[in-house]
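S.K.: Put together the whole structure using the sequences plus the hints.
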Amino acid sequence: MKDDLNIVGKRVVRSDSLAKVTGEARYTADLQFPNMLVAKVLRSPYPHARIVGIDVSGALKVPGVKAAISGFDSYGVKWGVFRYTQDHAMLHTDKVRYIGEDIAAVAAVDEETAIEALSQIKVDYEPLPAVYDPIESMKDGAPQIHDQYKNNINVHIHIDVGEVDKAMEKAFLVREDTFTAAGEAYAMMEPYAVVASYKNGYLDLYMPNAGPHVRAKALSNMLKLPLNRVRIRHINSGGAFGGRSEVAPGDLVASLLAIKSGRPVKLVLSREENATSSRQVHDIIATIKTGMKKDGTILAKDYKVIYDGGAYSSTGPIATSIPFYVYEECYRFPNVRYNGYRVFTNKGIRGMYGCHGRAFLAGNEAQMDVMAKELGLDPMDVRLKNGLRAGEVTATKSKITSCGLKETILAAAEKTNFKKRWAKPSKLKGVGMGCVAIMCGFPMGFRSGSSCYVKINDDGQVTLVTGLVDNGQGNESMVIQVASEVLGVPMRDINLVCADTEVTNLDPGAYSQAAAFVGANAVRVACENARKQVVSIAAEKLGVKEADIGLKDGAAYSMKDPDKKMPISWVVREAFFRGEPIVATGSFFPNIDFEREWVTRPWGQMAGTFSFGTSVAEIDIDAETGRITIPRFTSAHDCGRAINPMAVEGQMEGSIQQAGVAAITEGNLWDKGHLLNPDLLEYKVPLACDMPDMDTIIISSRDPAGPFGAKEGGLTVRMNAYSAVACALTNATGELFTELPLTPDKVMKILERKKGVK
Amino acid sequence: MMVLPKFEYKKARSVAEAVTLYKQQKGKARYLAGGTDLIPLIKHRLTTPRTVIDLKGIGELKSIDRRDGWLTVGANVTLFDLKNDPVTGKYFPALYESLDATSCETLQMRGTIGGNILQDTRCLEYNQSLEWRTARGFCLRMGGSECNVVKGARTCFANYCSDNAPALISLSAEVTLVGSEGERTVKLGNLFTGDGVKPFALEAGEILTQILIPMKKTKGAYEKLRVRDSIDYPLVGVAVSAAGAKAKVCVGGVGLAPQVYDLKNAGDAAAVKEVADKASTDSRPVANATLTPAYRKKMVGVLLKRAVKRALAEGK
Numbered sequence: 000m001k002d003d004l005n006i007v008g009k010r011v012v013r014s015d016s017l018a019k020v021t022g023e024a025r026y027t028a029d030l031q032f033p034n035m036l037v038a039k040v041l042r043s044p045y046p047h048a049r050i051v052g053i054d055v056s057g058a059l060k061v062p063g064v065k066a067a068i069s070g071f072d073s074y075g076v077k078w079g080v081f082r083y084t085q086d087h088a089m090l091h092t093d094k095v096r097y098i099g100e101d102i103a104a105v106a107a108v109d110e111e112t113a114i115e116a117l118s119q120i121k122v123d124y125e126p127l128p129a130v131y132d133p134i135e136s137m138k139d140g141a142p143q144i145h146d147q148y149k150n151n152i153n154v155h156i157h158i159d160v161g162e163v164d165k166a167m168e169k170a171f172l173v174r175e176d177t178f179t180a181a182g183e184a185y186a187m188m189e190p191y192a193v194v195a196s197y198k199n200g201y202l203d204l205y206m207p208n209a210g211p212h213v214r215a216k217a218l219s220n221m222l223k224l225p226l227n228r229v230r231i232r233h234i235n236s237g238g239a240f241g242g243r244s245e246v247a248p249g250d251l252v253a254s255l256l257a258i259k260s261g262r263p264v265k266l267v268l269s270r271e272e273n274a275t276s277s278r279q280v281h282d283i284i285a286t287i288k289t290g291m292k293k294d295g296t297i298l299a300k301d302y303k304v305i306y307d308g309g310a311y312s313s314t315g316p317i318a319t320s321i322p323f324y325v326y327e328e329c330y331r332f333p334n335v336r337y338n339g340y341r342v343f344t345n346k347g348i349r350g351m352y353g354c355h356g357r358a359f360l361a362g363n364e365a366q367m368d369v370m371a372k373e374l375g376l377d378p379m380d381v382r383l384k385n386g387l388r389a390g391e392v393t394a395t396k397s398k399i400t401s402c403g404l405k406e407t408i409l410a411a412a413e414k415t416n417f418k419k420r421w422a423k424p425s426k427l428k429g430v431g432m433g434c435v436a437i438m439c440g441f442p443m444g445f446r447s448g449s450s451c452y453v454k455i456n457d458d459g460q461v462t463l464v465t466g467l468v469d470n471g472q473g474n475e476s477m478v479i480q481v482a483s484e485v486l487g488v489p490m491r492d493i494n495l496v497c498a499d500t501e502v503t504n505l506d507p508g509a510y511s512q513a514a515a516f517v518g519a520n521a522v523r524v525a526c527e528n529a530r531k532q533v534v535s536i537a538a539e540k541l542g543v544k545e546a547d548i549g550l551k552d553g554a555a556y557s558m559k560d561p562d563k564k565m566p567i568s569w570v571v572r573e574a575f576f577r578g579e580p581i582v583a584t585g586s587f588f589p590n591i592d593f594e595r596e597w598v599t600r601p602w603g604q605m606a607g608t609f610s611f612g613t614s615v616a617e618i619d620i621d622a623e624t625g626r627i628t629i630p631r632f633t634s635a636h637d638c639g640r641a642i643n644p645m646a647v648e649g650q651m652e653g654s655i656q657q658a659g660v661a662a663i664t665e666g667n668l669w670d671k672g673h674l675l676n677p678d679l680l681e682y683k684v685p686l687a688c689d690m691p692d693m694d695t696i697i698i699s700s701r702d703p704a705g706p707f708g709a710k711e712g713g714l715t716v717r718m719n720a721y722s723a724v725a726c727a728l729t730n731a732t733g734e735l736f737t738e739l740p741l742t743p744d745k746v747m748k749i750l751e752r753k754k755g756v757k
Numbered sequence: 000m001m002v003l004p005k006f007e008y009k010k011a012r013s014v015a016e017a018v019t020l021y022k023q024q025k026g027k028a029r030y031l032a033g034g035t036d037l038i039p040l041i042k043h044r045l046t047t048p049r050t051v052i053d054l055k056g057i058g059e060l061k062s063i064d065r066r067d068g069w070l071t072v073g074a075n076v077t078l079f080d081l082k083n084d085p086v087t088g089k090y091f092p093a094l095y096e097s098l099d100a101t102s103c104e105t106l107q108m109r110g111t112i113g114g115n116i117l118q119d120t121r122c123l124e125y126n127q128s129l130e131w132r133t134a135r136g137f138c139l140r141m142g143g144s145e146c147n148v149v150k151g152a153r154t155c156f157a158n159y160c161s162d163n164a165p166a167l168i169s170l171s172a173e174v175t176l177v178g179s180e181g182e183r184t185v186k187l188g189n190l191f192t193g194d195g196v197k198p199f200a201l202e203a204g205e206i207l208t209q210i211l212i213p214m215k216k217t218k219g220a221y222e223k224l225r226v227r228d229s230i231d232y233p234l235v236g237v238a239v240s241a242a243g244a245k246a247k248v249c250v251g252g253v254g255l256a257p258q259v260y261d262l263k264n265a266g267d268a269a270a271v272k273e274v275a276d277k278a279s280t281d282s283r284p285v286a287n288a289t290l291t292p293a294y295r296k297k298m299v300g301v302l303l304k305r306a307v308k309r310a311l312a313e314g315k
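First to last, the protein sequences are chains V and P.
Note that the first sequence covers residues 0 to 757 in numbering that gives the first Met the number 0.
Note that the second sequence covers residues 0 to 315 in numbering that gives the first Met the number 0.
Check before you lean on any hint, since a few could be wrong.
Chain V is nowhere near these chain P residues, computed Cβ spacing over 12 Å in every case [to be verified]:
(1) Lys-9
(2) Gly-151
(3) Thr-192
(4) Met-214
With a Cα cut of at most 35 Å, we get these calculated DSBU-like pairs of lysine-lysine [stated by the list, open to error]:
(5) V:Lys-121 with P:Lys-5
(6) P:Lys-272 with V:Lys-748
(7) V:Lys-60 with P:Lys-27
(8) V:Lys-748 with P:Lys-5
(9) V:Lys-259 with P:Lys-42
(10) P:Lys-296 with V:Lys-671
(11) V:Lys-60 with P:Lys-42
(12) P:Lys-296 with V:Lys-423
Footprint (simulated), chain P over chain V, 3 or more residues, beta carbon under 8 Å [to be verified]:
(13) 47-53
(14) 104-114
(15) 738-744
Derived by calculation from the structure, the hints in this document are not laboratory data.
Yeah, the Cβ is synthetic: ideal placement off N, Cα and C, and Gly gets one too.
M.R.: Written as structure tokens, this is what we have:
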């Protein structure tokens, strides 16, 4: 692979940074259009109730109100990612299923009027018995939340590879433990907001989203509008972490209000509404049974994992599977059985999360350490022994093409003196290691690939058009950097048009970690195709061979005789003269087995490639209060090649906060169906002062298919940082955690349990 | 949070003017100082005053003076300025630490000491939006029939979460109150009613104008239980101030009113343990904060012992 790169691999200031740090960048809530109305949503006060009637006529009588809607104004089309999970109409007319569910909405000239109008809407409810606990919900006789799902089981993922029971019998050491974790809040900086405008039969929408094309498709179905009539426009996004992947109730609400009023409508959720009525993260109960050989080889795994799915399917089958896959993509499991159940409860809607699955992943890793200790082995050696290598195939038949797992383990361990410190922990101080792998993309049908269109303008500037999405992680800057490398044009001279369904092509979007591997690859291919055209003309004009042409700083030059050169703008003008302007397209479609299906056929190639990572947490526990502090955190991440190391490090540091430090602070608290901490005062996102010293180590495994060898940039830390903290607790106390987050009260229980044993 | 509902805004130039303005509003007014407690309460519709009377502009409440053996602190002095006054650190280390532990520096620059003392009590089932509370059903304090945290209880268990009142009480501070009936000075510790609906023993329209602290050098410490190192309210707060062997201990963050304990000999470990155990037994935390009640109860004793130990440590 080419290593003499000009800009890829360099620490560059992201193209979006200046606008964001100066406050110039516009987000959805900043948008102002002439005659724009303010929308407010009336929400269900009941966790479960039959809707007897909704009367919005009172709201319409309030001066200044221009539209009022309920589910009766919609077609009632139920949305779901899969045909078999279509159960969410966003505005229901039969039942409400959680407190805070959208029931009706108004659009008015200002917010006060809209609030006043909501109080004039009459809804007759007939309260129904509700259920909040997934275990209770699965029992016979529990209130049925949807008619079509028996025992409220939304999804059952069953994977069975090898002969688990036989292998368990053969194992030298078998252990079974159950771990639970409270669901988290995405807590994006930007609460959900949407602006909808309907003119001339076209609906234009702005909202933070992770994939405009899937959003447009869902809305075109729900609104029964042709797909081309629903246009999702580009807008900056203040964070997603998985929580902006799917169509949201507010999308439908704002659309209906805009269509009804004929005026642009803006809906901005409050922080509390963002928590109760946009998506939340699943609470999880994971039972993990592991059989190990005497030398630490994992013989078998047997899993039962219950996901509290809230009221609707959402990304159900995917959410029920991902924690398992990111673990089987990391370690060799000759025999494995996974039973994942996603169960409905009368709680808010839940989606995928960048840090999804902490009870399962941290549970696996902490249990591995306890077993290693019992066998007299070092946990790092056990991870190296069981870790997958390039060329191997996972239990569910995904081939690993590039793998830096071993290197991440060794680098993180060396940096922290892990082996020595783990073997002899000082009193209530511990180190812990967590590993994981992540698929870069997953099967999304024809939307799994990306295409890019590139043109070079007469001033030598470049315009890229791609469906790629940036939710704040720096994807826009990343593709500009890739184009700059290929075309030899400075980043500042590259203009990007992205994430606009009218203009840009399909793209997997900013979820499933596909942006670098898939989206940037398409940009690379398109730019290489444009480059060929530039090189051809330049070679002719400069009188040298095409192979001798280099492109740098906006000029084409002879590599043998650098005095022979011309600006790319001249090349472009020549191309215009010839009636063949420099335009090119490029696509990338990853190697995925499209026969794979989450429920019915859970095997085959999951993604084009996988990233790997290892985190090591160092913790201190206060013996009297149980409070954990994390003085230092080290993460090593195999991202193939870092296109912008500074951006990758930023992602890794953010992940240390969002998964690692959050493991001791963050969790949703419930009183039945009432979310007790919908605000950022009582939902404890770690603060700057809570952050440890951080070491981020980038491992470059150079993926053969990735753009310049790149894979995704940082997500492994989001899925192994909590494991590192949980393992460090085990190292410090000799006890396994049972419940996340590890707030001081829970740690105190562990310390007391330990005393009791002695 | 939602937008603020409409209210009339009046700015008072003197205490007397403020009291008169309040009287004119016939009880439908609230005083505003830094606003860090009041504004979120209004946004949540937990209080819906017709008029907000801003006290911030009253210059006479902004000074810190030493007079007749007292340090008098005007109620409008910000937490940040009080923290950084050299007298605070030198004479009242418990207060210095409690001020430093209050929220974050940005909010310390906004919040005033008077407002901090008179902040509303807090509960996870109370400090919520109107929609949230309507869905939950109103609790005792909102006019409902029982507590929403302790089923069947006819008492409020909300927590008084000022970090600084416990420190001031440990320093035997007093407060001056001015109302339409004139001026009075009471011990800060006597300001609390233990009544959830009306937690402070204030007459309608009375303004807390100044805090008086005996000008006596003390050793002291403030221990605060919280999940994060900044922003968070105390889940338990313990202040200790000692002059010689005698110490006063004050526990806050649990229940409606701070609890005070006297330690005749702070150096006597057995005596400290006895008080710590008593404080822990006296405390009645319930499931209305982010950590479990049993744990918070235990921490009352742990933090009390820790605070005493630290207060008496060399170099303090």
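S.K.: Each hint needs a verdict: does it hold in this structure or not?
M.R.: Evaluation of the provided hints:
1. Lys-9: holds, 21 Å
2. Gly-151: holds, 15 Å
3. Thr-192: P:Thr-192 clear of chain V: closest Cβ-Cβ about 26 Å, beyond 12 Å.
4. Met-214: holds, 33 Å
5. V:Lys-121 with P:Lys-5: OK: V:Lys-121 and P:Lys-5 at ~24 Å, within 35 Å.
6. P:Lys-272 with V:Lys-748: holds, 22 Å
7. V:Lys-60 with P:Lys-27: At roughly 30 Å apart (the allowed maximum being 35 Å), P:Lys-27 and V:Lys-60 satisfy the hint.
8. V:Lys-748 with P:Lys-5: At roughly 48 Å apart (the allowed maximum being 35 Å), P:Lys-5 and V:Lys-748 break the hint.
9. V:Lys-259 with P:Lys-42: holds, 30 Å
10. P:Lys-296 with V:Lys-671: holds, 24 Å
11. V:Lys-60 with P:Lys-42: Satisfied, since the Cα-Cα distance of roughly 26 Å is no more than 35 Å.
12. P:Lys-296 with V:Lys-423: holds, 34 Å
13. 47-53: violated (count 0)
14. 104-114: holds (count 3)
15. 738-744: holds (count 3)
Against the hints set out earlier in the document, violations occur for numbers 8, 13.
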